[in-house]
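Chain A is fixed; fit chain B onto it per the hints.
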Amino acid sequence: MRAEPETSFLANLNQNIRIVHQVCHTYFPRDALEREDLFQDIMYQLWKSYPQFKWESKFSTWMYKVALNMAITHIRRSTRTPRNEELTESVARAPDIDEHMSREEELYLLHEAIAALTDIDKAIILLHLEDHNYDEIACITGLTRTNVSVRLVRIKRTLKTTFKESNNAKEE
Amino acid sequence: MTPRDEIENVWKKGKARGADPVPVTGKDLQAIISSRVKKEIKIVSQFVWAAIVYQIILYSFLTHTLICHWGDMQIMLLCVAGGAFYVPLTVALMRRIRTLYRRPSEAPGSPVPDVFRKVEGEYARVADFFRFKKRMDWIGVPVSCAIIVLVTFTLFVEGGIERNPLKSLLAFAVWVGLSLIAIHAENKKRFISPLRHLELVLNDLKRS
Numbered sequence: 001m002r003a004e005p006e007t008s009f010l011a012n013l014n015q016n017i018r019i020v021h022q023v024c025h026t027y028f029p030r031d032a033l034e035r036e037d038l039f040q041d042i043m044y045q046l047w048k049s050y051p052q053f054k055w056e057s058k059f060s061t062w063m064y065k066v067a068l069n070m071a072i073t074h075i076r077r078s079t080r081t082p083r084n085e086e087l088t089e090s091v092a093r094a095p096d097i098d099e100h101m102s103r104e105e106e107l108y109l110l111h112e113a114i115a116a117l118t119d120i121d122k123a124i125i126l127l128h129l130e131d132h133n134y135d136e137i138a139c140i141t142g143l144t145r146t147n148v149s150v151r152l153v154r155i156k157r158t159l160k161t162t163f164k165e166s167n168n169a170k171e172e
Numbered sequence: 001m002t003p004r005d006e007i008e009n010v011w012k013k014g015k016a017r018g019a020d021p022v023p024v025t026g027k028d029l030q031a032i033i034s035s036r037v038k039k040e041i042k043i044v045s046q047f048v049w050a051a052i053v054y055q056i057i058l059y060s061f062l063t064h065t066l067i068c069h070w071g072d073m074q075i076m077l078l079c080v081a082g083g084a085f086y087v088p089l090t091v092a093l094m095r096r097i098r099t100l101y102r103r104p105s106e107a108p109g110s111p112v113p114d115v116f117r118k119v120e121g122e123y124a125r126v127a128d129f130f131r132f133k134k135r136m137d138w139i140g141v142p143v144s145c146a147i148i149v150l151v152t153f154t155l156f157v158e159g160g161i162e163r164n165p166l167k168s169l170l171a172f173a174v175w176v177g178l179s180l181i182a183i184h185a186e187n188k189k190r191f192i193s194p195l196r197h198l199e200l201v202l203n204d205l206k207r208s
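Protein chains in written order, with our numbering: chain A, 1 to 172; chain B, 1 to 208.
Bound-form chain B, shown alone:
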């Protein structure tokens, strides 16, 4: 017996000895579907929450300040400008999230791709969103931190930014630093690790 046959024989004997798998009933299938739908919704909501939490903080802060200081033109303009700057970013982010989580199989008439195309497609989809998110983080985080620090110092610190340039700069740096640490941890879990895995598979496919 050649070693090649040995492997195939072990596999075939194992298969022959194995018990027949339990058939799936309609009830089992329904239970699986509802559990997976819940899981999908949970993943998307967690992600949406993580992605827009910054926007939520910013919008709440701006709305609260706008209402509290209604009539103070400088503060009102600052709040409206901050909101106006952020709305297009939030809309763009929500659109991208919808694209990210729309599975290719949901498109009517789309056949199941082979492994190569599937991995390539998944990689492109995740990498594209990650590129967009990184760009948005680099613009959005410093700007939102600057708005928050600017409004906070103008309202609550005597002398505002003009008299406390170092303190405001330090507050800005700490806020940006903390945000970037949180964003990096989130990115690692949701993008960097999955992309690394897909890249390894893709390289393996291209290697042959």
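Bound conformation, chain A alone:
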């Protein structure tokens, strides 16, 4: 890639860099090494695919497509059990305020509930939570609009149950 396209690539990338972090976090919430590996794979794939990007869709939609494709087809480095790092990290970051702590825990429980979903369901809920409409989700995943809406109902029901159970367990 020449200097000028690289500058425009970096500018567009940095405006939407949160997408890459979110995808990595959704697929590897507890394994920093896998997350870093996936992050680099996505960045490399984005850089390689950018010359073919024709601005026929939003840059963010294209980024989601590349990132989710990489996350779903990413070959896991190993089958080792990852260390449970995230709660420790978030607790360490959080100030010593009960309300803040409870929000951090809630977010942690939500990530845990999402982590239990299948790879495709993770993609669908992530896109939904990031305010993509059914048509955009269908375009990125390759499912039909009807499929997306049916699956979202099912995913939300599952998340609701898991989230509620985790919350109850926490309160006990």
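Simulated from the structure, these hints should not be mistaken for lab results.
In this text, a Cβ means the ideal position worked out from N, Cα and C, and glycines have one as well.
No false leads were slipped in.
Lysine-lysine pairs mimicking BS3-like chemistry, simulated, CA-CA at most 27 Å apart:
(1) Lys-13(B) to Lys-156(A)
(2) Lys-27(B) to Lys-54(A)
(3) Lys-13(B) to Lys-58(A)
(4) Lys-206(B) to Lys-156(A)
(5) Lys-160(A) to Lys-206(B)
(6) Lys-188(B) to Lys-134(B)
(7) Lys-12(B) to Lys-164(A)
Partial list, derived from the structure: chain B residues whose beta carbon lies under 10 Å from chain A:
(8) Trp-11
(9) Gly-14
(10) Gly-18
(11) Val-22
(12) Gly-26
(13) Ile-32
(14) Pro-111
(15) Val-115
(16) Lys-118
(17) Leu-200
(18) Val-201
(19) Leu-205
Below, chain B without anything else, positioned relative to chain A:
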């Protein structure tokens, strides 16, 4: 507040509280690219090495024997026949490896596929190569083992295969067995596990 809102609210509040990610600089990008290029080359070389190691052993063995026994027509013919049988297999394997590792995005003008097409494409690509490799292993391994045992017994064992049919058969069986164990372990790591993962995702996509 409905439970649905609860989930969305937790997500949005978490997002709002999260610190802005550090922007990627040109230097970071270059470092990532060079690290990924190295990784890609390493993966491909490891794979090529694993896939053609058998051919390398066989070619070295045949060349060495041919040079050492230059003039012995029976041995020379055996070595040349073994090499001639294997060259097309090696060429076919190298072609397939090139196809396997050529990423779809490298084709000029190809747009990024959606998740369904991407998974379907990846599955087809890996499964196609695996089918070819299995066929090649089933033909190539017994034939190469037979050539090695045949040449070894003819050259180094008194009486050759004719006088030692059981021993040569046993050597052939052990060689084939060990090769198949090594090949199975390699296949599991590079093909069976990734294919199982892709198949699960594909089934999940088709289920809806």
